[in-house]
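A.B. asks: Single-letter residue listing:
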Amino acid sequence: MDAAPDLNSGGTGGGGGSAPAASPWRPRPDWLVAFALVFFAVVYAYPLVRLVAWSFWAPGFTFRNFAQIVAEPAYLQAFYNTVEIAGIATAVCLALGYPLAYLMATTDPRPRMILGALILIPFWTSVLVRTLAWVVLLGRNGIINQALLAWGLVERPIPLVFNNIGVQIGMVHVLLPFMVLPLYAVMARIDPSLVTAARSLGASPARAFLAVFAPLSLPGVVAGASLVFLMALGFYVTPALLGGPNEITVATLIEIMVRDLLDWGSGAALGLLLLAGVASVFAAGAVYAGAGRLVGAERA
Amino acid sequence: MADRPGISLSLRVLTKRYGRQTVVDAVELDVAAGEFLTLLGPSGSGKSSILMMVAGFTPPSSGDVVLGGRSVASLAPEKRNIGVVFQNYALFPHMTVAENVGFPLKMRRLPRAERDARVTETLARVGLAGFDGRLPAQLSGGQQQRVALARALVFAPGLLLMDEPLGALDRNLRERMKHEIRRIHAEFGVTVVYVTHDQEEALTMSDRIALLDRGRIAQLGTAREIYERPKTRFVAEFVGESSLIPGTLVEDGGRWWLDGSAGRLPVPREAAAFAGRSALLMLRPEKLRLVAAESRSGVPGTVIEAVFVGEALRTVVRIEGAAIVVKTATRAGEFRPIVGAPVRVDWDPADLAVLPGEERATADLA
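Protein chains in written order, with numbering that gives the first Met the number 0: chain A, 0 to 299; chain B, 0 to 365.
Calculated from the structure, these hints are not laboratory results.
Here the structure is a predicted model, which is why all the values come from computation and not from measurement.
Don't be surprised by glycine CBs; every beta carbon is placed ideally from N, CA and C.
Some clues are possibly wrong.
Unchecked claim - A few chain B positions that, by computed beta-carbon distances, are all more than 12 Å from chain A: (1) ILE6; (2) ALA25; (3) ASP162; (4) MET176; (5) ALA222; (6) ALA271; (7) ALA274; (8) ARG276; (9) ALA349.
Unchecked claim - Which bits of chain A does chain B cover? Going by a derived footprint, with three or more residues having C-beta under 8 Å, they are: (10) 210–219; (11) 224–234.
All chains should be built: construct the whole structure from the sequences, respecting the hints.
C.D. replies: Here is the structure:
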């Protein structure tokens with residue numbers, strides 16, 4: 000009845016120092032970090048340095064690998080494809096994810112739990128398995144086409160896979176949780192009495208939403224959209240399995256370079272350019288929302 | 000802005016049920032134009048539910064809300080023209096003070112120039128001139144409270160609802176804001192329905208108090224009536240401190256007495272209504288006197304506790320069958336109780352109230 004201010008949102012981790020004071024040995028925090036740092040140096044920083052080295056080496060220091068990419072329309076087309084696919088996937092994820100997150104943030108605890116579970120369950124299945132499942136569902140003889148044929152909605156199977164549609168369906172499926180979760184995290188912290196207050200002050204439900212809820216949810220939109228767009232830029236499995244020959248992305252192009260053409264220098268250069276693109280999008284998002292928001296940390 | 004915009008509010012058998020639970024039970028209430036009425040009650044008593052139904056945020060299960068003679072039960076909240084001040088102020092964090100206060104005027108599509116003029120004027124009236132460009136997060140709790148008031152009053156509503164607006168403030172600030180809200184009420188002439196569980200707020204601010212108990216109005220009256228003449232045990236115990244002594248009322252020698260475990264105690268004349276029935280004698284601590292054990296008047300007892308509480312000395316006296324709390328002034332020359340020593344408690348029967356005795360409240364269980 001008397002809605003108490005949300006006292007639990009902050010400081011629930013207050014009892015963090017759970018190690019008993021009398022414990023005989025406690026690792027120093029910087030040691031714990033050291034393990035992670037070594038791990039990252041070996042599996043992340045070192046390959047990255049090698050990637051940079053390859054991209055400027057052919058043999059001897061050179062810009063040739065990059066010059067080739069800029070000069071070759073097919074390569075530029077791959078970049079264009081990648082950005083387009085990622086952009087559309089982001090837009091679709093936002094269009095589907097925003098209402099979903101809104102529902103989760105505004106509904107009762109029980110349906111919220113069910114929705115949350117439905118969104119999280121796919122996380123426990125590998126991307127490869129989920130993507131292959133779409134091949135089965137969307138194929139010429141897949142369930143969807145068979146159903147459409149059986150109901151007489153189409154006369155011959157429609158191409159749903161090995162083209163842009165298939166890629167989008169598969170990518171949105173995989174990426175949707177990454178849109179919903181940051182959106183939900185921001186929306187859940189919007190005080191519902193703000194919308195109520197707007198109503199009492201003369202705003203219709205739609206105007207209350209547009210004037211109050213939507214602007215306050217914007218950090219979640221930026222966080223979710225950047226996250227999904229960034230992940231979509233580097234997506235490999237889904238476009239490779241569900242895409243057709245016309246949807247070459249940078250990731251599939253790198254694979255061709257490295258595996259089929261054994262051109263490691265060009266592959267590395269492509270990878271570096273993609274990484275630079277990702278980093279600049281992340282930086283833009285971070286400047287807007289604060290880096291912490293983008294990786295899900297609470298803003299102080 | 001109209002000089003006296005206050006309009007009347009009537010609740011007609013207003014009821015709210017959630018499943019089998021009745022939160023507001025056929026409440027009838029008339030609030031006069033310009034009145035300051037407080038809905039007082041413990042949590043779960045239905046006071047906030049009533050407020051939400053008046054504002055239009057929750058639909059009543061049955062009954063009607065009549066505003067200025069017109070039923071508003073079917074109107075959406077934004078059409079009711081009621082100002083609401085929320086418990087946590089609900090200021091829009093992404094808007095400046097001026098944008099917050101201008102919001103209701105923008106929704107009413109007032110031209111920009113007029114909007115700005117009204118915002119400036121209203122901010123000045125609540126004592127916040129010059130704060131236009133600040134964000135809510137840059138204001139103190141008291142200032143946020145004033146912004147919330149200005150925002151709820153800028154569109155000259157006839158009725159202002161306030162939902163525990165002082166709950167988040169510290170004690171000193173709460174004291175000041177109580178008087179500030181009274182002043183604003185008088186200046187704007189708006190009808191106020193104020194919800195609180197804090198009896199002190201209710202007693203000092205209200206023209207009248209409706210004390211709620213489990214979805215019903217237990218008593219409606221001025222602060223003085225509620226405090227001095229409670230009608231039920233619930234009212235007596237919820238508002239102020241009191242000692243209750245059970246007994247039966249009898250007449251003897253032209254005066255009325257309560258016969259109980261504490262012996263025969265003098266009671267006021269009005270108690271005649273309870274003649275022959277079981278009743279409770281209510282003693283307010285500050286209406287009682289302590290007198291020396293050798294004295295003739297009063298009831299004998301033993302001091303079991305004496306605590307200095309600042310403005311008074313709070314003494315607990317055990318008499319036969321009951322413990323009585325007495326608050327006495329700390330002036331020089333006042334009787335000084337000694338813990339463990341015998342003492343007598345005396346009073347003027349006119350200062351006491353008699354309540355109906357223990358009724359088995361089966362009918363109240365909704």
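A.B. asks: Which of the stated hints cannot be reconciled with the structure, identified by number in ascending sequence?
C.D. replies: Per hint list: 3 and 11 violated.
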